[in-house]
Structures are given as structure tokens and as C-alpha cells.
Amino acid sequence: MYAIIMGGGRVGLALANILIDNGFDITLIESDEGLCSDVAGELDALVIHGNGTNSKLLEETNIEDADYFIATTGNDEANLLSCILVRKYDVETIIARVSNPDHEEAFKEVGIDKVISPEISAARDLAQFVTNPRVSKLTTLGEGDAEIIEMTITNDKIIGKRFKEVSPSKDFIIIATYQNGKLVIPQPDNTISRGEKVSILVKRGTLKKVSKKLEN
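Each residue of the sequence shown is one higher than the one before, starting from 435 at the first, in this note's numbering.
It is possible that some hints are incorrect.
Stated by the list, open to error - Computed list of lysine-lysine pairs in DSSO-like fashion (alpha-carbon distance at most 30 Å, straight line):
{"id": "1", "residue 1": "K548", "residue 2": "K591"}
{"id": "2", "residue 1": "K631", "residue 2": "K598"}
{"id": "3", "residue 1": "K591", "residue 2": "K646"}
{"id": "4", "residue 1": "K595", "residue 2": "K643"}
{"id": "5", "residue 1": "K604", "residue 2": "K643"}
{"id": "6", "residue 1": "K631", "residue 2": "K642"}
{"id": "7", "residue 1": "K595", "residue 2": "K647"}
{"id": "8", "residue 1": "K604", "residue 2": "K646"}
{"id": "9", "residue 1": "K631", "residue 2": "K647"}
{"id": "10", "residue 1": "K522", "residue 2": "K548"}
{"id": "11", "residue 1": "K595", "residue 2": "K642"}
{"id": "12", "residue 1": "K522", "residue 2": "K542"}
{"id": "13", "residue 1": "K616", "residue 2": "K631"}
Because the hints were derived from the structure by calculation, they are not lab data.
With the hints as extra help, turn the sequences into a complete structure.
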């Protein structure tokens, strides 16, 4: 798979390294010459000094062959313009970072496949850890409609019950448990033990309610 990333800041560089580790071929575009040199020394990828809103430069990256174009700069206007320009090359998936949530609608109006705000996602996750400190791990799905969390069952009211008596409910599904450190898919007739660590798919806005049911 081939991905072109515009922006060599922290987000773009981290993304590039992750994709490289997963076998992607990467070209990174960075407009700041000094940053471009720094990134080129850190990254096992083609790094180009230039602007992703320039058609000639995009064509030099073989944009027609790209599976992904990802605009990760901190400038919403530059990200939007580059994504609009890239659309004419029929790139399969176009993804843009947006810093100001008020700009998200503009990105979607022009047909950008995915609009991501790392700042908002991070703030949402931090808020969950503050308001639900017993949650040990959290992953947000989609646009925040659901979350996968890990917690430990301690509520005496459900200990000894079978999984099918507790899950699924309208608010959550227990999707995994752990035995001797290994992930196991719980069977309906398996019984729930005290201190059992579980992974749960939870609807947005119900985490506090679910935590009370399983932990209190």
C-alpha cells in the first residue's frame, strides 16, 4: 500500500512511522525546509520539500498510484485545499486532520472521506479517565459513538452469573475476558468471577452507568 502524508510535524511523523512499520510505502511532503531535513534524517521514506497544494509537486509523488492521501498539518485551510486538489487524481481514500471543529463541516461538504481531530479525541479520552478513573484502557470507535474499555468486575450482584444473563444489554456487550493473561471470547454459559478483567463495547454516554453495574 502507498500513502502520501502532507505535514512532517509530530502527527505526520508519528503516523508515517506507524504505517512504515505496517509495510506501507510512504512519501511525506513538508513545506518547512528545516523540518523537512530533520524528518528526512529520521524517516525511512521519501521526504519532499514543498507544498501539498501544488499540482506539479503532487504529480512528482506519483499521486495517481496512491491508496491514501493524509493531510496532517496544523493548518486547516492548507489541509482542506490539498484534499480538494487531490480529489481530481482519484485517490481511493483521503483523510484530513482538522484542528478547529467548526471547520469539520466544510471538509465533509467537499467529500473528504475521513476528518480527524487528534486534539478533540485526546481531550475526550482524557476526560473519560478523569471521570472514570477505574477504567484501565479506552479506545474510541467511529466518531465517538462507542468505546471499548477494559475494567475489572467487582460487583457482587453479578459475580457467579452466566455471561448471557449480563451481556449483551442495550448499553454494552462484554466482548472479551482474560484467563492467565490471554484473551478469551466469553461463552454464554461461562460464569463471571470476582476480579475478572473484561473488555466491553459501550455506547456513548453510558460508561458511568455500565461501570456502576459491573464494579459497584
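Given the hinted pair K631 and K598, is their alpha-carbon gap at most 30 Å? holds (17 Å)
Hinted pair, alpha-carbon criterion (30 Å max): K616, K631. Please report holds or violated. Holds, at about 11 Å.
Run the distance test for K548 versus K591: straight-line Cα separation, threshold 30 Å. violated (42 Å)
Tell me if the straight-line CA distance from K522 to K548 falls inside 30 Å. Holds: K522 and K548 sit about 17 Å apart, inside 30 Å.
Against the 30 Å threshold, does the CA-CA distance of K631 and K647 hold or violate the hint? Answer holds: K631 to K647 is near 14 Å, not above 30 Å.
Holds or violated: K595 with K643, Cα cutoff 30 Å? Judged against 30 Å, a Cα distance of about 19 Å means the pair holds.
Is the hinted pair K631 and K642 satisfied, with a Cα-Cα distance of at most 30 Å? holds (17 Å)
Next pair to validate is K595 with K642; report whether the Cα-Cα distance is within 30 Å. holds (21 Å)
Sort out whether K643 lies within 30 Å of K604, counting only the CA atoms. holds (12 Å)
Hinted pair K595 and K647, Cα distance within 30 Å: It holds: about 13 Å lies between the C-alpha atoms, which stays within 30 Å.
Under the criterion that the straight-line Cα-Cα distance not exceed 30 Å, is the pair K604, K646 satisfied? Within the cut-off at roughly 15 Å; holds.
If you draw a straight line from the CA of K591 to the CA of K646, is it 30 Å or shorter? holds (11 Å)
The structure shown violates just one earlier hint, number 1.
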